[in-house]
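> Read off the chains here:
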Amino acid sequence: MAHRFLARRIWTLSVTDVRCLPSSAVASSSRASFLAPSRTLAVSHAVRRAVSFNVQDNEDFTERVINSDLPVLVDFHAQWCGPCKILGPRLEKAVAKQKGRVAMAKVDIDDHTDLAIEYGVSAVPTVIAMRGGDIVDRFVGIKDDDQLDSFVCKVIGQ
Amino acid sequence: MPPIEKDTGKNELKTKIQKLIDSNQVVVFSKSYCPYCIQVKDLFKELKIEFNVMELDLMENGSNYQEMLLEMTGQRTVPQVFINKTHVGGCDKTMQAHKDGSLQQLLSGEKEVYDYDLIVIGGGSGGLACSKEAAMLGKKVMVLDYVVPTPTGTTWGLGGTCVNVGCIPKKLMHQTALLATAIQDARKFGWEFDESVKHNWDTMKTAVNSYIGSLNWGYRVALRDKNVDYVNAYAEFIEPHKIKATNKRGKETFHTAARFVLATGERPRYLGVPGDKEYCITSDDLFSLSYCPGKTLVIGASYVALECGGFLAGLGLDVTVMVRSILLRGFDQEMANRAGAHMETHGVKFIRKFVPTKIEQLEEGSPGRLKVTAKSTETDETIEDEYNTVLIAVGRNACTDKIGLDKAGVKVNPKNGKIPVNDEEQTNVPHIYAIGDILEEKWELTPVAIQAGKLLARRLYGGSTVKCDYIHVPTTVFTPLEYGACGLSEERATELYGPDNIEVYHSLFWPLEFTVPSRDNNQCYAKIICNKLDSDRVVGFHYLGPNAGEVTQGFGAAMKCGATKEHFDATIGIHPTCAEVFTTLEVSKRSGGDITQSGC
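Chains V and D supply the protein sequences, listed in that same order. One point on numbering: in full-length UniProt numbering, the residue at position 28 of the first sequence is 28, and numbering is uninterrupted. One point on numbering: in full-length UniProt numbering, the residue at position 196 of the second sequence is 196, and numbering is uninterrupted.
Just chain D, same shape as in the assembly (with noise of 0.2 Å):
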């Protein structure tokens, strides 16, 4: 037991502390050689704001008060920043403050009182995991959620469009389309089964929703478990500081908030040419689409085209996809156009530089029938076909120009919606922060956002500092043979190190498993490219065969540890699979040697 006296003494030093921070503006407890100290000292002196300091280096008893310290505040480190009798905390926590405005305050004296600490805007994956982790962090948070129908009246629960339109209902119809490939395979195994093999859409499309149904009521239970206030209503800023949420009988209310994070996501974009939004469909209705598509046209060449177009194909469908001009922009062109052949060999057709101009009903029914009319995108030729079932996949318009933005103040690029933030994920307004999809040139990927998203609230409210790394994202296009990347294209990195200084190498490759059915030889195809000025550095990573995104999540994170060519030939394969032609890439790209396969 600790003598009295000590105690006694303790507490003396306890008061003379609380009495320095009640009776100042702005306290700092500092040590006159710490750079951190200075850095806070001299952002006050610049706002020319009064402080109390306390250097504790040159204080006889100054160790006393830094072991109080931790006993006040929980913080050993100085500087110790206190403004108005609150604690701040150390450097970043000031300059973090600093820069969203909480600084300024603190220091006017005026404590707003708000109805939560972070309102997060959109219930997509981003939102959901910024929510749920800001709530862990001992936080009052509110998501809402709102989604407005289609044309055609098509909508869905929590969750965002990963889990109701996208990610999740894609892959499982992918798996569809996998598995009658599997069923041709199966009799060159020896399986013996009758003819007749036919594909029910119904079944198929009751079973995926039922999935998604469960996940959605997941969503609901983790955010009740994580006391997450959760609305389901479409919100919108009518102040800085406070939104208008209206639900789907109109009643309206309204919430303020200190902070907010917009995660409201993107919605397919329509063509604007007659006919499109009365009776075309996009991905947001596919999925849950109550009748089988028919002959269907896909309009648009993006990821979200060539995984439909391909997995309708796989379907058995007659399935035509007209391309205004590239592939798969973005993304590395060689291996683009590697997938379209495929898909090309296996029953989709492609329609090259033609875009719509109308779209006409000739009979209503499920599905109905369409004309479509188009004309070249380089001649005066204009072509018709009729189609049972129209689905656009032209891209996305980010959803913010509903939502109040001017009102809160907030920037948004006028050409595409999107909204600009600097690297802690801040927008031009300080308080107001944006994750996931809608942000400009980054990745547009579910679990980058939900890394974003926790990461945020982990730097908002959990003293952590470290950001979202939007570098060497690994991804995978779930086209009928997959496209699975991370780094960089053979483009960009061509653009930023110089054709000198890359060095490609690159295979084809027969998986084992096609070799019984004799099917898609010299398809899949493996590359790698090499920074040469930085020890043949793996800088991009692209693998087009089955399971892409098995093989390319485990290189992604051999690309993270930065892996050189040298790492990968030194790891040993497992035999027999594909991932294993990148421990023996041999043949570069400028050697332009043969890398065809051929026999055993």
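One chain only, chain V, in its complex shape (with noise of 0.2 Å):
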């Protein structure tokens, strides 16, 4: 739990940084042009209930992840990573199959390099379950359909 509001802390300061500095967000155009929708999206219900998003930065994982109110499957992944090409869409597949009682963030590593540092993030694919921004289960690796449904129904408390 400490861990957790000190995380919330360390983002939300993070946020005031980016707002105190638009400057930053202008000198990288595209990134921000990039980001900018995606912060509008975030407080949509359309988005919070879409199967599987790209975690954008910090406080876009804070906002969907963190404070989702639904339980959230984090696929920690990264290009180099073949393992991670097989489980990405069998995990969103079975996250699609719960009708939206369970979401999906994917986050690259190599995008996002703290946040994967931070959750204990050592080999790839490693899915991490959050739910009220507590992590409640995670594995490394790849698993089959069976499992991976199991995993989420578990996840779901089913």
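Calculated from the structure, these hints are not laboratory results. Warning: the hint list may mix true and false statements.
Below, in silico cross-link-like pairs of lysine to aspartate or glutamate (DMTMM-like), each with a Cα-Cα straight-line distance of 20 Å or less [claimed, not checked]:
1) D/K205 <-> V/D110
2) D/K251 <-> V/D137
3) D/K251 <-> D/E236
4) D/K251 <-> V/E63
5) D/K251 <-> D/E266
With the hints as a guide, bring the two chains together.
Below you can see the structure in the form of structure tokens.
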């Protein structure tokens, strides 16, 4: 719990940072324009219900994962990781089966290294299940469809 | 259960010793006859510092003192030196503390509080090894790493040159080229396949860089797991114990440490002629180039030049190497020339004794078209030609000029930017050390930097006295025909021992795998240099042939053990291999005997 609060506090600070320094956001224009809509969308109900989404930054992670009403499966993956490319679609399928009772967040560990380091990711794919901001389960590596279904069911408490 | 009285006695003794330590600036627990104790006492006399000495061998209960000291400090041996209540340790530690200035600091009583025990500048092989080792020994350690983008904008992740733009991608691309030869050989061994064989640069580049990505991540995780603080920022000294770190967003942070290790490595040198930075690339760019480089001019004859030129030619590209003077400076020249000759017979063109004077762009593109003008080093002749890509590989510069070394007072060789250190990798500033490619007159090799970094951390924090041995370092140049070496070149051995005192044994050989495709006969070559004044000890080992790294590694171990020609001769060969040639070397160079292999 303490860890979670700490994380929230740090990220709230970082949000303020970004807002205080608009120039830094403008400097990387492609990134800024990429971030802007996601911030607006994050509050919309539709996106919260979307099956899966790519985490854009720490702020986005806080909003859509830690503060999510739904349980969220966080798929830490990397471009260079072969097994991730197999697991990703399988996990997406397993999440889709639950018809909105669970969300899936995708975190590219090279783009968001600090997040991955913070959450203790050592190898990819690592999947962390979060509910109410707490880590409730996790696994590393590949699983088949049945295993994923039961993992997802366990997370949403069925 | 021991009697209570004895325990009371023990406690009394402990209080007595503690009082002694607390009430004297310097206490030396010593034995009157011990030479190390004398050395320590002499040091304090020389420094004109008063000290309280307890000669344990002259005291009735001296052995009890020694037992208690063991309990209190974990050290049984004498001398044991305490300064201002701090346990310095034995003779080596005291001398070391004197050398690195921490003794003076303890004596003056001012204990500076630093953020870190150790800050390592540079997250390459050496820096990472050193920082992880220091952290494992319980120290608070920070590593700073920052890749300044190349003129064309290439940048990369954690791990330094070897992982990102050196050994790793180089060897994988060399392997790509070797596979092309294997495909040609395959037909001779009966494999039948359709005529068209093509190479896809993008597939190779993506695969290689994916692997590098996983290594970058692995290094990051290792730092976290070993509790090393990592900051992706450019570090520069602003005071001898303080650095400024600037991250890519320009945010500055400041950190202090008791000690520093410089491990910033080197970056490719440019030519200083018009168009070099604008249109040319270096090895920093090549391995992640988004397009196949096409017709390529490699400038330079360093191992980087020959390796890159070699694998590009192996991919089927039109490759020319422009050489100012000699190939592989510093390596055995006979071996260098044989490796070069092999490249020449396999389609690499060499332009010798020419240097480029300007590079102009004829057409933009991926790749574009460039015009290179070069002039002879001997005559007034100039030549021009067109290439798609120009790769500069004329050497590397130490990254020591923009890290505020002047602020810390660290001496740098003004000619090459290299840092002179003593045999313990210590710079002229006692609390600043340096390892890896930035050292003067030391090997520029990843495993050497790793070894030096690890051993340095163990000496600083683990009570070790083991120094890095820079002699008998095995290495391999991954030219198309690989060249492995350990120890001295023939030139250096001749210079060191005199031509009459060395015996050189050599032989050409034909790898069994080359016989069926009937290629490259009399190109592979083995040579050892023996010191006649020292039981024919093998002081130089040279191998030109396939799998040179694998072959040389084991012989490196043998040379570390001091192997002689007799040992080589007494070794049973593994048949049929290339390496077995070293167990049957009979022809000495002096004899002029025939070493060519003819038929069966």
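> Which of the stated hints cannot be reconciled with the structure, identified by number in ascending sequence?
2, 4, 5
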